[in-house]
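2 protein chains.
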Amino acid sequence: MNHYGPRLSGLIDALRRLPGVGPKSAQRMAFHLLDRDRDGAADLAQALADALTGITHCPECRMFCEDGHCAYCSDARRAAGQICVVETPADLLAIESGTGYRGCYFVLMGHLSPLDGVGPDELGLGQLETTLAGGGVQELIIAINPSVEGEATAYYLAGMGRKHGAKVTRIAHGVPMGGELEYVNASTLSHALSGRTPA
Amino acid sequence: MNHYGPRLSGLIDALRRLPGVGPKSAQRMAFHLLDRDRDGAADLAQALADALTGITHCPECRMFCEDGHCAYCSDARRAAGQICVVETPADLLAIESGTGYRGCYFVLMGHLSPLDGVGPDELGLGQLETTLAGGGVQELIIAINPSVEGEATAYYLAGMGRKHGAKVTRIAHGVPMGGELEYVNASTLSHALSGRTPA
Chain A
653 MNHYGPRLSG LIDALRRLPG VGPKSAQRMA FHLLDRDRDG AADLAQALAD ALTGITHCPE
713 CRMFCEDGHC AYCSDARRAA GQICVVETPA DLLAIESGTG YRGCYFVLMG HLSPLDGVGP
773 DELGLGQLET TLAGGGVQEL IIAINPSVEG EATAYYLAGM GRKHGAKVTR IAHGVPMGGE
833 LEYVNASTLS HALSGRTPA
Chain B
653 MNHYGPRLSG LIDALRRLPG VGPKSAQRMA FHLLDRDRDG AADLAQALAD ALTGITHCPE
713 CRMFCEDGHC AYCSDARRAA GQICVVETPA DLLAIESGTG YRGCYFVLMG HLSPLDGVGP
773 DELGLGQLET TLAGGGVQEL IIAINPSVEG EATAYYLAGM GRKHGAKVTR IAHGVPMGGE
833 LEYVNASTLS HALSGRTPA
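Heads up: the protein sequence lines correspond to chains A and B, in order.
My numbering puts the first sequence at residues 653 to 851.
My numbering puts the second sequence at residues 653 to 851.
Rather than coming from a laboratory, the hints here were simulated on the basis of the structure.
Only a predicted model underlies this, so the values are computations on that prediction, with no experimental measurement involved.
One thing to keep in mind: the hints can contain errors.
[Stated by the list, open to error] Per label pair, the in silico range of CB-to-CB distance:
#, chain 1, residue 1, chain 2, residue 2, range
1, B, P658, A, G788, 30 to 40 Å
2, A, D719, B, R690, 55 to 65 Å
3, A, S749, B, L841, 49 to 59 Å
4, A, H825, B, S749, 47 to 57 Å
5, A, K815, B, D687, 20 to 30 Å
6, B, Q790, A, R690, 45 to 55 Å
7, B, D687, A, D719, 12 to 22 Å
[What the hints assert, rightly or not] Over the 12 Å line for every Cβ pair with chain A, so calculated as not near, a few chain B residues:
#, residue
8, G662
9, L670
10, H684
11, G831
[Unchecked claim] Facing chain A, according to a computed beta carbon distance under 7 Å, are these residues of chain B, among others:
#, residue
12, M681
13, G692
14, A697
Glycine included, each C-beta is placed from N, C-alpha and C at the ideal position.
Generate coordinates for the entire structure from the input sequences, incorporating the hints supplied.
Rendered as structure tokens:
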């Protein structure tokens, strides 16, 4: 017998739509918000509403942005001749914070997956092609995850880049720093060997 | 360099206030909601707002309720002569769904903790005392977690129950079903031994 009222059930169901939140966690979150942090619940409701109305995708690189253009595209100090293509905003942030790369980006927001109805249009590749066709892009850096769909997406992007005369590169796949050869999987080791560079 | 705009930062900070959600999870949730489940985000904002306005505490047992009285207190088939005191709504639901208990409840929403400013008033114990003084309560069942603060709370409750002539009982603490004596801690084992019952 479930004695939750409709509002409490509604809140628990809504919290379960968050990634990684199951029924027990959702119940715990709902009780915590109602019992100990009603201000936090009000803040969260307001933040969600603000985000939904105020956050859009940058028309140039498809990253999240809040005022027309994202901070990366509107930064004049960035090398406009380099475009690094990533799958998600989180990948972009990982490259931005972990490396010295200061060129431009293009965020696909996914990868090609015809079975799920995700084709070139859903990834905004027409937009990228327009940028490439405009000239001025010397290098297209493909930083896509090496999954099956990712490889197909990378292949498609490489063809598009070459068609417009850009140099197409892929980030290196190999043994991670701190990793041990003995424990690295065979596929990674093959990549590392075929991608060897002069020492 | 953090290139999040104020709305996205605000959303991530608000999500971090949920229990068990750290910075990485909050970022993942925010990106998921913005990128793949904007309907879910709108539903969550609405559910939070509805819950904040519509969910209050039952004036009798302090459980969450949505229309004046909770489903437990307003159920005439329940034994009004038994009151089971628990710390949280989750504890109430565990007892309700896991046992055959069909008496009334009283939810403390915490335990006595003078250092955190939680005294008898914060736990609504005045309200419980009024109920006890009204007579008609034969048994006060204490189902408080056996922590240090929980023990103090149970001691306080037992005194209050006895003062008003109610029979005071505590749920048994002992070896859990399926547990093995060898691996049960000493304190639990002592409780199990001193709480032995005729076979």
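Verification of the supplied hints:
1. P658(B) with G788(A): 30 to 40 Å: holds, 32 Å
2. D719(A) with R690(B): 55 to 65 Å: At 19 Å between Cβs, range violated.
3. S749(A) with L841(B): 49 to 59 Å: holds, 51 Å
4. H825(A) with S749(B): 47 to 57 Å: Distance hint for H825(A), S749(B) holds at roughly 50 Å.
5. K815(A) with D687(B): 20 to 30 Å: holds, 28 Å
6. Q790(B) with R690(A): 45 to 55 Å: violated, 36 Å
7. D687(B) with D719(A): 12 to 22 Å: holds, 19 Å
8. G662: At about 5 Å from chain A, G662(B) fails to clear the 12 Å cut-off, so the statement is violated.
9. L670: violated, 5 Å
10. H684: Non-interface label fails for H684(B): nearest chain A Cβ at 5 Å, not farther than 12 Å.
11. G831: It holds; G831(B) is separated from chain A by about 21 Å at its closest Cβ, greater than 12 Å.
12. M681: Constraint on M681(B) satisfied, holds at 5 Å.
13. G692: This interface hint holds because 4 Å falls under the 7 Å limit.
14. A697: holds, 4 Å
Checked against the numbered hints given earlier, this structure breaks hints 2, 6, 8, 9 and 10; the rest are met.
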